[in-house]
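Protein chains: 2
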Amino acid sequence: MSTTDFNTLPAHVWPRNARREEDGVVTIAGVPLPELAEQFGTPLYVFDEDDFRARCREMADAFGGPDHIHYASKAFITKRVVNWVNEEGLCLDVASLNECKIALAANFPPSRMTAHGNNKEKEYLELCVDNGVAHVVLDNEGELAQLNEIAAAAGRVQNVMIRVKPGVDAHTHEFIATSHEDQKFGISLATGAAFDAARACLEASNLNLVGLHCHVGSSVFNAEGFKLAAERVLALYKRIHTELGVALPELDLGGGFGIPYMEYEQALDVASLAADLLAAVDRTAQELGIAAPFVLVEPGRSLVGASAVTLYRIGTVKDVETGKAELPIRRYLSVDGGMSDNIRPALYGSEYDVRLVGRETEATSVDSRVVGFHCESGDILIDERTLPGDITTGDLVAFATTGAYQYMMSSRYNGALRPAIVSVRNGDASLMLRRETVADLLALEAD
Amino acid sequence: MSTTDFNTLPAHVWPRNARREEDGVVTIAGVPLPELAEQFGTPLYVFDEDDFRARCREMADAFGGPDHIHYASKAFITKRVVNWVNEEGLCLDVASLNECKIALAANFPPSRMTAHGNNKEKEYLELCVDNGVAHVVLDNEGELAQLNEIAAAAGRVQNVMIRVKPGVDAHTHEFIATSHEDQKFGISLATGAAFDAARACLEASNLNLVGLHCHVGSSVFNAEGFKLAAERVLALYKRIHTELGVALPELDLGGGFGIPYMEYEQALDVASLAADLLAAVDRTAQELGIAAPFVLVEPGRSLVGASAVTLYRIGTVKDVETGKAELPIRRYLSVDGGMSDNIRPALYGSEYDVRLVGRETEATSVDSRVVGFHCESGDILIDERTLPGDITTGDLVAFATTGAYQYMMSSRYNGALRPAIVSVRNGDASLMLRRETVADLLALEAD
Chain A
1 MSTTDFNTLP AHVWPRNARR EEDGVVTIAG VPLPELAEQF GTPLYVFDED
51 DFRARCREMA DAFGGPDHIH YASKAFITKR VVNWVNEEGL CLDVASLNEC
101 KIALAANFPP SRMTAHGNNK EKEYLELCVD NGVAHVVLDN EGELAQLNEI
151 AAAAGRVQNV MIRVKPGVDA HTHEFIATSH EDQKFGISLA TGAAFDAARA
201 CLEASNLNLV GLHCHVGSSV FNAEGFKLAA ERVLALYKRI HTELGVALPE
251 LDLGGGFGIP YMEYEQALDV ASLAADLLAA VDRTAQELGI AAPFVLVEPG
301 RSLVGASAVT LYRIGTVKDV ETGKAELPIR RYLSVDGGMS DNIRPALYGS
351 EYDVRLVGRE TEATSVDSRV VGFHCESGDI LIDERTLPGD ITTGDLVAFA
401 TTGAYQYMMS SRYNGALRPA IVSVRNGDAS LMLRRETVAD LLALEAD
Chain B
1 MSTTDFNTLP AHVWPRNARR EEDGVVTIAG VPLPELAEQF GTPLYVFDED
51 DFRARCREMA DAFGGPDHIH YASKAFITKR VVNWVNEEGL CLDVASLNEC
101 KIALAANFPP SRMTAHGNNK EKEYLELCVD NGVAHVVLDN EGELAQLNEI
151 AAAAGRVQNV MIRVKPGVDA HTHEFIATSH EDQKFGISLA TGAAFDAARA
201 CLEASNLNLV GLHCHVGSSV FNAEGFKLAA ERVLALYKRI HTELGVALPE
251 LDLGGGFGIP YMEYEQALDV ASLAADLLAA VDRTAQELGI AAPFVLVEPG
301 RSLVGASAVT LYRIGTVKDV ETGKAELPIR RYLSVDGGMS DNIRPALYGS
351 EYDVRLVGRE TEATSVDSRV VGFHCESGDI LIDERTLPGD ITTGDLVAFA
401 TTGAYQYMMS SRYNGALRPA IVSVRNGDAS LMLRRETVAD LLALEAD
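Line by line, the protein sequences are chains A and B.
Going letter by letter, the first sequence gives residues 1 to 447 in my numbering.
Going letter by letter, the second sequence gives residues 1 to 447 in my numbering.
Extracted from the complex, chain A is given alone in its bound form:
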């Protein structure tokens, strides 16, 4: 990698309002990152609000309007982000009782919420019914019966979808594949169980079946898996129409749109994927002789992933003689975070783009590894990368594309305090979540 390259922020990976200014400092929405590090400390998450809102609008435009888009809040949920989603007119997916409670605490309208989960407790189902959550996505037959009872007891009719397994496997990594048959989510299409569940829903006194839901995988970069799943699910719509006399009005194709984490990866053309997918749904419906349902999608990572960066301060720098002929010296750069705020490299082998953000560099690159402060040898954020040889103690670096599935999976390992989160817009920074304190670490102690 040339040094010129290292000073450039790859536009498809970094927040849209990130810039390297003439003085060498990186700003987001006009706010210098070193100033944020100074004011709020490190590690620090910085969210580019306009980046997130722009992606929401583009996703909405691609699929025909904001009511087609359900933000998958499991990727990143705080009250502020829930408010942004609300203001942009999108709908909201929650995947658990407490995600639902956080969304309600932020006054998100339940009439635009969808509730997911493979193991929903009674309290979760009751909360949905009592608040008028728009859709409950049924995972299994037992839940169907339980929800019907709860809705009946409340004197309500609950709108539901059924999560079906279309048997399509568009995964990019074994651990984040979710659409093959041998998995915990949903009801099989192939065995006929999904049809039986649809009939049970239609027969249930207090459930109103509005459509079927499927999910083909995570980090998917083309429409093929979605189209194949849609074809299979629509065949069941046809059967339900023919045998049960009901035209289901909605079709939820789930989430999973991939984003580039590294410069060499390509961004997904969402507009083109959406057009391709919607055309396939229309065509298939026409071929089957049924009305094309209203299509919903559930992006999480593709809306919020690239909106944030994580700032770290470099601590220990160490040149290690590896004893390996192919790489005799490796530079170890330690940061003041690690596997506590980003478990994804250890868990999924994920890679991230890192840059110096306090200054430019013209230094020659050296073989490097970026590690955290944790007392664990697997605490590696970047395993192998050539990085400028002048990166040194006190330098400020940022990891891009850290908006999704990162803070949400953060831990307090080795007494790590969860980082603060700020959002920036039009030259201003505003605290979203404060940094944890040692008092927080001790707050659960009974003695």
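Incorrect hints may appear among the rest.
Identical copies go unnamed one by one, so any copy, or any two together, can satisfy a pair.
Unchecked claim - Result set (SDA-like, lysine to any residue): computed pairs, CA atoms no more than 25 Å apart in a straight line:
1. 101 <-> 435
2. 238 <-> 295
3. 101 <-> 40
4. 324 <-> 109
5. 101 <-> 282
6. 122 <-> 210
7. 238 <-> 121
8. 101 <-> 444
9. 324 <-> 195
10. 324 <-> 231
11. 79 <-> 417
12. 79 <-> 440
13. 324 <-> 235
14. 122 <-> 319
15. 101 <-> 37
16. 324 <-> 141
17. 122 <-> 393
18. 79 <-> 131
19. 324 <-> 275
20. 122 <-> 40
21. 324 <-> 190
22. 122 <-> 435
23. 79 <-> 436
24. 79 <-> 444
25. 101 <-> 38
26. 122 <-> 37
For the record, the hints were derived by calculation from the structure and aren't laboratory data.
All values derive from a computational prediction rather than experimental measurement.
Given the coordinates of chain A, work out where chain B should sit on it, guided by the hints.
Just chain B, lined up with the frame of chain A:
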């Protein structure tokens, strides 16, 4: 697995005071687990206090006294466990600024504490000096100079050890190996850097070098790696004695003693390992013509790992047609926790012993997978196991050996509330950490 086996709790894996009572219920220290689940909810960690204390005493006996044993608090640290360690007369290792603060908050005597870390911030070093922490284990040359300055400014002399890389790799899993050269911790023995650092320590005005520290790996089941590391490190003691005229009084051989997680795994004979190791140190010292140093070890997992179990309630039960010829039907058992409270199966492929604890079973076993409630297909706690076919919704199960590196790495993913922790002793249960609440989830929000 026969059903008789499933009702039996493998003694080398379960807490020592766990029993299956005549009514079929499992108790720990006389406290029925179903009563704890009722009182404190699930998921719930249950720590057997006497089990932990007994392991502390046995480890102390094996190595010649409690002052040889430094409990590695990163495995599991709360004020109560720190108090147990204190009462048993052991020393305490901390691996970060905040572990140090938690230990001090529990009034653990700094004179029995050792401070570790590959990226210690200035505040951490200052805290150690100001409180008189017994040993600071120096990771690198920069830290050596910084600590000397801090100690000088405070008008104190700080006892230190140097973490050296002995080039011994006794690992059992790539991600938890820590003693080869190509890693972030310590200073190389082989390159001569460790000798140079020892000289720099001895020349530093405000540092007192008391010994060297090494760590050969995690989950190690025999003495060979420790013995080889001790031989190599003692050769440096000899050189330091000969060339610098100083006999280092202590030798810290680190942690890493393995424990069985599964019934088919053998327990380590700590007494025999210790005797073997201490004899080797004495023999080597004698051969080198130096005084045998006082040996320290740093067990974490081997003291606390088997002291705890995690209780879960079974939710969704689903028989899935896998489409795989070799295993056509797999039963999915969902629990009310998952990767948020136990990331180790996903992160390290770790296996756990699970049992029904509310009742016995005589049912035939079926091919099963145990999953959590998280909206993630990798949320799998037990990938493949034959488990009794009558396990059903509402049943209470416990995972054994969940004391180490589990709660400490827990997250709030999908709005998971960190479980409560209770300790039990002599028929009584006492809350150690309360369960998190939704208010806790929202407590960091700035809006």
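Against the structure, the hints:
no. : hint        : in the structure
1   : 101 <-> 435 : both (22 Å within a copy, 17 Å between copies)
2   : 238 <-> 295 : within (16 Å within a copy, 75 Å between copies)
3   : 101 <-> 40  : between (28 Å within a copy, 21 Å between copies)
4   : 324 <-> 109 : neither (58 Å within a copy, 43 Å between copies)
5   : 101 <-> 282 : neither (36 Å within a copy, 62 Å between copies)
6   : 122 <-> 210 : within (22 Å within a copy, 59 Å between copies)
7   : 238 <-> 121 : neither (32 Å within a copy, 64 Å between copies)
8   : 101 <-> 444 : both (21 Å within a copy, 15 Å between copies)
9   : 324 <-> 195 : between (59 Å within a copy, 22 Å between copies)
10  : 324 <-> 231 : between (52 Å within a copy, 23 Å between copies)
11  : 79 <-> 417  : both (20 Å within a copy, 17 Å between copies)
12  : 79 <-> 440  : both (20 Å within a copy, 14 Å between copies)
13  : 324 <-> 235 : between (57 Å within a copy, 24 Å between copies)
14  : 122 <-> 319 : between (55 Å within a copy, 21 Å between copies)
15  : 101 <-> 37  : between (32 Å within a copy, 24 Å between copies)
16  : 324 <-> 141 : between (56 Å within a copy, 23 Å between copies)
17  : 122 <-> 393 : between (52 Å within a copy, 12 Å between copies)
18  : 79 <-> 131  : within (18 Å within a copy, 41 Å between copies)
19  : 324 <-> 275 : neither (51 Å within a copy, 35 Å between copies)
20  : 122 <-> 40  : between (41 Å within a copy, 18 Å between copies)
21  : 324 <-> 190 : between (52 Å within a copy, 14 Å between copies)
22  : 122 <-> 435 : between (33 Å within a copy, 19 Å between copies)
23  : 79 <-> 436  : both (17 Å within a copy, 18 Å between copies)
24  : 79 <-> 444  : both (23 Å within a copy, 10 Å between copies)
25  : 101 <-> 38  : between (34 Å within a copy, 24 Å between copies)
26  : 122 <-> 37  : between (44 Å within a copy, 17 Å between copies)
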